[in-house]
Amino acid sequence: MRWLAEVHVALRPGIADPEGQTIGTALRSLGYETVSEVRSGKLMSISFDADDESAAKAAIGEMCRRLLANPVMEMATWELRAELTDADEAIPA
Numbered sequence: 005m006r007w008l009a010e011v012h013v014a015l016r017p018g019i020a021d022p023e024g025q026t027i028g029t030a031l032r033s034l035g036y037e038t039v040s041e042v043r044s045g046k047l048m049s050i051s052f053d054a055d056d057e058s059a060a061k062a063a064i065g066e067m068c069r070r071l072l073a074n075p076v077m078e079m080a081t082w083e084l085r086a087e088l089t090d091a092d093e094a095i096p097a
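Counted the way this note's numbering counts, the sequence shown spans residues 5 to 97.
Hints listed in this document are in silico derivations from the structure and should not be mistaken for laboratory results. Be aware that one or more of the hints could be misleading.
Claimed, not checked - Capping the alpha-carbon separation at 25 Å, the derived lysine to aspartate or glutamate pairs in DMTMM-like fashion look like this:
(1) Lys46 - Glu66
(2) Lys46 - Glu83
(3) Lys46 - Glu78
(4) Lys46 - Glu87
(5) Lys46 - Glu23
(6) Lys46 - Glu57
(7) Lys61 - Glu10
(8) Lys61 - Glu83
(9) Lys61 - Asp21
(10) Lys61 - Glu23
(11) Lys61 - Glu87
(12) Lys61 - Glu78
What the hints assert, rightly or not - Between beta-carbon pairs, the in silico distance windows are:
(13) Val39 - Met79: 18 to 28 Å
(14) Gln25 - Thr89: 41 to 51 Å
(15) Met79 - Gln25: 16 to 26 Å
(16) Gly24 - Gly65: 43 to 53 Å
(17) Thr81 - Ala59: 15 to 25 Å
(18) Leu34 - Met5: 18 to 28 Å
(19) Glu23 - Ile50: 47 to 57 Å
(20) Pro17 - Arg69: 18 to 28 Å
From the three backbone atoms N, C-alpha and C, an ideal C-beta is built for every residue, glycine too.
Modelling step: build the complete structure from the supplied sequences, incorporating the hints.
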């Protein structure tokens, strides 16, 4: 079965975020004075095969730990869903 994971990687609280600070400053200079803080991050969409939801969760968790996020500075959160294939879309409900 094919799965789609959307992974969000962001700096841990307390870690300086110069990109977020720059964006926040720019937004305030554009007139958005109510913006108090911006934290930047990365969003990744990953499509992969796994036998079932349990295996898919284990796989995406391992991907995050091994490569996608630096555990010292970053944290990763993700959402997982079954990805429809052309064959799935052709089957009437």
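List of violated hint numbers, smallest to largest | Violated: hints 9, 10, 16, 18, 19.
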